[in-house]
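Participant: Sequence:
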Amino acid sequence: MATGANAKEKNREVFDDEHYVIASTKHKPGKDGSKVTTVVATPGQGPDRPQEVSYTDTKVIGNGSFGVVYQAKLCETNEFVAIKKVLQDKRFKNRELQIMRKLEHCNIVKLKYFFYSSGDKKDEVYLNLVLEYIPETVYRVARHYSKSKQTIPIIFIKLYMYQLFRSLAYIHSLGICHRDIKPQNLLLDPGTGILKLCDFGSAKHLVKGEPNVSYICSRYYRAPELIFGAIDYTTKIDVWSAGCVLAELLLGQPIFPGDSGVDQLVEIIKVLGTPTKEQIKEMNPNYTEFKFPQIKSHPWQQVFRARTPPEAIELVARLLEYTPSSRISPLQACAHAFFNELRDPSTRLPTNKELPPLFNFTEQELNIQPALNAVLIPRGVQEAANSPQDGAASSVAADAADSTATPVQATAAGIP
Numbered sequence: 001m002a003t004g005a006n007a008k009e010k011n012r013e014v015f016d017d018e019h020y021v022i023a024s025t026k027h028k029p030g031k032d033g034s035k036v037t038t039v040v041a042t043p044g045q046g047p048d049r050p051q052e053v054s055y056t057d058t059k060v061i062g063n064g065s066f067g068v069v070y071q072a073k074l075c076e077t078n079e080f081v082a083i084k085k086v087l088q089d090k091r092f093k094n095r096e097l098q099i100m101r102k103l104e105h106c107n108i109v110k111l112k113y114f115f116y117s118s119g120d121k122k123d124e125v126y127l128n129l130v131l132e133y134i135p136e137t138v139y140r141v142a143r144h145y146s147k148s149k150q151t152i153p154i155i156f157i158k159l160y161m162y163q164l165f166r167s168l169a170y171i172h173s174l175g176i177c178h179r180d181i182k183p184q185n186l187l188l189d190p191g192t193g194i195l196k197l198c199d200f201g202s203a204k205h206l207v208k209g210e211p212n213v214s215y216i217c218s219r220y221y222r223a224p225e226l227i228f229g230a231i232d233y234t235t236k237i238d239v240w241s242a243g244c245v246l247a248e249l250l251l252g253q254p255i256f257p258g259d260s261g262v263d264q265l266v267e268i269i270k271v272l273g274t275p276t277k278e279q280i281k282e283m284n285p286n287y288t289e290f291k292f293p294q295i296k297s298h299p300w301q302q303v304f305r306a307r308t309p310p311e312a313i314e315l316v317a318r319l320l321e322y323t324p325s326s327r328i329s330p331l332q333a334c335a336h337a338f339f340n341e342l343r344d345p346s347t348r349l350p351t352n353k354e355l356p357p358l359f360n361f362t363e364q365e366l367n368i369q370p371a372l373n374a375v376l377i378p379r380g381v382q383e384a385a386n387s388p389q390d391g392a393a394s395s396v397a398a399d400a401a402d403s404t405a406t407p408v409q410a411t412a413a414g415i416p
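Residue numbers (the UniProt record's numbering): 1 to 416.
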């Protein structure tokens, strides 16, 4: 879906052939008889200094229209990685690669290396993205609970959604829109509770005044302005998608399960009511077909189970607004009362483990909406930052840089 669409979007850089190098690939048996593959790969972050990388135990763990995903083990560190192999359009730089090289955040899957390989056909070239491997997804965890006729414990919903909003706040501050937020693209380390956003295959740096394709994002999570054919949308389409994910985790099923693009709008109208002419104009000024049955909005309290926390319902209502500019920002969502429990130092996971790092904000994050920092940084963390040995509150950012420098090692246990 994204590949054909992307060709119509303007801000694609033409490839400079000087930087286009097919990696030499060597295969040899390892000490235990397994096949070891060695390639010359470029580190995901930092300067272009190609180096030899060896991996083994390669197996397919996913495929789709984009290409194939393999799991492998790096010989040097014994850590697992995911290798996403996609056909490269030689006319253009790969947008996913360009974006992933800019990203460094504790809630975004890390690009460790990349390399190019030749295909079976003449002149066929593949881009290989070597990513940190995280064993689970929110989609699979949610499906496990729904199959057991259970709902996800609310503390996990808070934990997952908070980290999703934090990742969105970061990429949006760089002008990057993910454009495919859904449970399948939210990786989870079940041992630590850490969530990482993945699959930037549809992501784009949005530039005001430049057109974008509207046929983007998986249907259930597609913002109404996209259904109305908007081409000048903003990063608020990700906020809508995140609202759909939150609602789905609370309900145990998708909130807007449309069978088609039009039916998707019908499902939204059933809950939010018919959009006003003003709201439609805000979503797409060029859309003039106002032939909709007049349906009243359904009270949010009646959409969710009786025991759903009111703060959760209030947050969903702030995210799933027709008017894009009325939706709260990802960082405002992080500061919402629904997540106050995470800011309580006594809160622990149901397994009695400590929560993963949630307040190791970098300077970049603290500069997004500084007025929210007093809420975002719990009092205990603020006091530690202001203590004499640490100097000033700005050291929170320095501490954050230290604590996010080392990527989380994906646990080998429980790998499917």
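Because the hints were derived from the structure by calculation, they are not lab data.
Careful, some of the hints might be misleading.
What the hints assert, rightly or not - Distance ranges between label pairs, derived from CB positions:
hint	residue 1	residue 2	range
1	His298	Glu76	22 to 32 Å
2	Phe292	Val68	25 to 35 Å
3	Ala371	Phe92	35 to 45 Å
4	Pro211	Asp89	11 to 21 Å
5	Thr77	Gly119	45 to 55 Å
6	Glu314	Lys102	31 to 41 Å
7	Pro47	Ile155	26 to 36 Å
8	Asp57	Pro285	33 to 43 Å
9	Gly209	Gln51	38 to 48 Å
10	Glu210	Asp48	52 to 62 Å
11	Gly261	Gln301	24 to 34 Å
12	Asp232	Gln184	43 to 53 Å
From the three backbone atoms N, C-alpha and C, an ideal C-beta is built for every residue, glycine too.
Participant: So which of those numbered hints doesn't the model satisfy?
Facilitator: 1, 2, 5, 7, 8, 10 and 12
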